[in-house]
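Protein chains in written order, with the working numbering: chain A, -16 to 232; chain B, 8 to 381.
If you are wondering where the hints come from, they were derived from the structure by calculation, not from laboratory data.
This structure is a prediction, so every number in the text was calculated from the model and none was measured.
Cβ coordinates follow ideal geometry from the N, Cα and C atoms, glycine included.
Worth double-checking, as some hints may not be accurate.
[What the hints assert, rightly or not] Once the Cα atoms are required to be at most 25 Å apart in a straight line, the calculated SDA-like pairs of lysine to any residue come out as:
| # | chain 1 | residue 1 | chain 2 | residue 2 |
| --- | --- | --- | --- | --- |
| 1 | B | 378 | A | 8 |
| 2 | B | 165 | B | 108 |
| 3 | B | 378 | A | 157 |
[Unchecked claim] Covered stretches of chain B, going by a simulated chain A footprint (3 or more residues, C-beta under 8 Å):
| # | stretch |
| --- | --- |
| 4 | 8 to 20 |
| 5 | 282 to 291 |
One-letter residues, chain by chain:
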Amino acid sequence: MDTIQTAGQRDTVLARALAVSKTFRSGSIDVTVLRDVTLQVRTGELVLLMGPSGSGKTTLLCVLSGLLRPSAGAVDLCGVPISRLPERAAGEVRRRNVGFVFQTYNLFPALSALDNVAEVLALKGMAREQARAVAGGSLAGVGLGARLDHRPGELSGGERQRVAIARALAGDPSLIFGDEPTAALDRQTGLEIVALLKQHVNEHRGVLLVTHDARLLQFADRVIEIDDGRIVRDESIRSLPAVKAVPTQ
Amino acid sequence: MRRIAIRSILFDRGKLIASLLGVALASTLGFVQIGLYEGFVRSSSTVIDHVGGDMWVMPRGLNVIDYSQILSVGPRGLLFSHPCVADVRGLLYGFSWVQRPSGTRSTAIVVAVEPRPGRQIPWGHLLGNAADLNEPLRVSVDRTDLHKLELPSNPLGKNFEINSLKVTVSAVTDGIRSFTLNPYIFTSMTNGRRLLGLSENEVMYYVVDLVDRRCAADLVQWMRRYPDIEVVDSATWSRETQDYWVGGSGAGAALAFTAILGMFVGGVIVGQTLYSMAKEHLLELATLKAVGARPMELAGFVLWQVAFLASVGVVCGFVLALVLRRALSHVGLSVVVSAGTVSLSILATLLMCIFASVTSLSAVFKVEAAKVLR
Chain A
-16 MDTIQTAGQR DTVLARALAV SKTFRSGSID VTVLRDVTLQ VRTGELVLLM
34 GPSGSGKTTL LCVLSGLLRP SAGAVDLCGV PISRLPERAA GEVRRRNVGF
84 VFQTYNLFPA LSALDNVAEV LALKGMAREQ ARAVAGGSLA GVGLGARLDH
134 RPGELSGGER QRVAIARALA GDPSLIFGDE PTAALDRQTG LEIVALLKQH
184 VNEHRGVLLV THDARLLQFA DRVIEIDDGR IVRDESIRSL PAVKAVPTQ
Chain B
8 MRRIAIRSIL FDRGKLIASL LGVALASTLG FVQIGLYEGF VRSSSTVIDH
58 VGGDMWVMPR GLNVIDYSQI LSVGPRGLLF SHPCVADVRG LLYGFSWVQR
108 PSGTRSTAIV VAVEPRPGRQ IPWGHLLGNA ADLNEPLRVS VDRTDLHKLE
158 LPSNPLGKNF EINSLKVTVS AVTDGIRSFT LNPYIFTSMT NGRRLLGLSE
208 NEVMYYVVDL VDRRCAADLV QWMRRYPDIE VVDSATWSRE TQDYWVGGSG
258 AGAALAFTAI LGMFVGGVIV GQTLYSMAKE HLLELATLKA VGARPMELAG
308 FVLWQVAFLA SVGVVCGFVL ALVLRRALSH VGLSVVVSAG TVSLSILATL
358 LMCIFASVTS LSAVFKVEAA KVLR
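Isolated chain A, as found in the complex (with noise of 0.2 Å):
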């Protein structure tokens, strides 16, 4: 991974995308929603990745996690160039050193909120008791340690969330990618869950979010803003005059 000297302080780049563009094509149309991205995100950061509705934000989220080849240009994740990767190669790596945290939550219903994180853990290749000893710590640190054999649909929505987050942390990732994650809840557990995230944000860990809500930007190191399939600002928010001024959808 690259290392870069800012400020005393050394931030590895987890996720770079140099020149990146991505095009569908439906039917015999192509449509282009990527255009000629560049972007990385660092250790030590929470990125959050705004702009409007179909302005390629999530699309963009494929293709850096490598769950999504770019058309043109090249993306590396952790070290790794991930775009010249096959399919199975490409998973080895997100198994290594990503989590994931989606707007649905998607935990298996008929597990408890232990075994959600141990299975992930167990998948990974971890012996089936550390898995679970493991994903109790995990879950503890979201604040579940007292709902560790709930089922999914015993939690509440921040409460599912939290399972993610645990999920996602378990494997101790280099990089989160979040999707939305505050879609589905109300405000004041979305400002809490986000700010739990934050939390788990280290010289080791970034974090970088897919979201609409402004209200966000007070726990973000950086925002990079995109339309219409192009970066149209990528700044630390410590420069920001005034975060408010940023843009709510």
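Given the structure of chain A, go ahead and fit chain B onto it with the hints provided.
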């Protein structure tokens, strides 16, 4: 993935019950139909298989034991003159009419064979004394035929008529049932000839025991002096009789068709359950794929569910089949439960479940990780 798969299917009770019923009923049908088929096969050649011997001598052109004809005494001497022949037994096997106590008539198969040490004919002894069959006009009947012959549950000493001769029941067997549903009446050779109207020394078949089975071809050659008789080894004769009744009558095809239909319906039920289960969990499976789960690990979601349904369903199906077997035995139908029939039924159920999982596996293999991001 085993835990996720099993917990998921246990969680949805409706789908669990529907799919378990599908597998259990299909496998019950498999067990019963295959057991019935085996029962028919065995009953069609039961006399050949129990009388034993290495070779059977019969009029040329016969293809089933039931269409027996009279053999002269001539071949017996020639058989004994061959150095490889250890023993020759005459066997009577013929249809005769029966007059029941109520005066109504029916047919039965009279069977008698010259005794050989170590071969108890009739077998399956239940009541009475088989040695009494040597007394004049004493016969043995089977428990399953008592109703047909209008005899009480303990028929020892009871009388009925065969070919206008009054016979007395002196022994009862259990489980000797003919494919044609005609009651088997076992007796001694002397009684048998009287009941079938044969002259002394006349038989329907000769059953030959060889000193060495490798002599069989030589014996066949040796007996060509009698162009109107045929020498067939016991296994071939048994198989020809089975083929005639079970294959030729269409009974085997009918049973196979029903079993296949049952498996197909069961497969559709299980397939639908697995598919809807997979579809319901596509987002969760896509999530696992996004975090790096391999395709075969995702396939485990379906495969573990199939394995669970198949194993639990087969056990339930087997228990149901045993209950049905008991019920069918009361109406004279024999459902054979043997290592072979059980293995075949389990194999058929497994194949059904594998077939049922194809569409679900296809759906899981096609799941796109990008699906989880909207």
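Tell me the numbers of any earlier hints that the structure contravenes, in ascending order. none
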